[in-house]
Amino acid sequence: MKTKTGAIVLAICGLLWAELTYAQSNDITGLFNSSAQLDFKKGERKGTAQHVIAKLKAMGHISAEPAGRMDYMDYYATNGKTTYSGLTVVVVEHEHMTDYAGCCVNPGLALVVAVNGTTQSLRGIASKLGCSVESPYDATEEKTAAPRLKRTPARQLARFRCQEMDANQAVRDAGHSQ
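The sequence shown begins at 1 in the working numbering and counts up one residue at a time.
One or more of the hints may lead you astray.
[Unchecked claim] Here are the computed distance ranges between Cβ atoms for each label pair:
| no. | residue 1 | residue 2 | range |
| --- | --- | --- | --- |
| 1 | 154 | 79 | 17 to 27 Å |
| 2 | 124 | 172 | 33 to 43 Å |
| 3 | 154 | 175 | 25 to 35 Å |
| 4 | 99 | 48 | 14 to 24 Å |
Read the hints as simulated data drawn from the structure, not as lab findings. It should be emphasised that the depicted structure is a prediction, and the values quoted were computed from it without experimental measurement. For glycine and all other residues, C-beta sits at the position ideal for the given N, C-alpha and C.
Sequences are here, hints too, so could you generate the full structure?
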């Protein structure tokens, strides 16, 4: 009897572990934060946007090619299961220059996330990383890349942005000059 009970307990633990591992593999918070973290004295981010995009592709969160591109911005629709700090990530944005399209490029990353209620915790994270939050967010450009956004009201979206202008503003706000 003990062996059968032990086997059942082990099976349940295995299922719980698999579910936990699956949930963690969909969470990009650590990956994103480790790259986006700003050194407020130097005005530089710890990692690169290219590294995050490559990892997201390798992990299956976004496709190999962007769903859309406008000016300097690549728009990647997520697989629908990707989360950041408990929020569903709908679009990953990567702004970078491949060809000169005119003024002005603002290199970095942004996440368009679905929100229900307050963005206070997201704003707290943004402040620590040297990023910004736009909420509510209309996501006009992103709607081409992710058609499911077309039916999502702006009040249910936020844009978590970690780009060069955000870093510059955070350094100024912290009282450090570059």
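Results of checking the hints against the structure:
1. Between residue 154 and residue 79, the C-beta spacing of about 23 Å keeps the proposed range 17 to 27 Å intact.
2. Hint check: residue 124 to residue 172, Cβ distance near 19 Å, so the stated range 33 to 43 Å is violated.
3. Between residue 154 and residue 175 the C-beta distance comes to about 34 Å, which sits within the given range of 25 to 35 Å.
4. A C-beta distance of roughly 20 Å is found between residue 99 and residue 48, which places it inside the suggested range of 14 to 24 Å.
In summary, the one numbered hint that this structure violates is 2.
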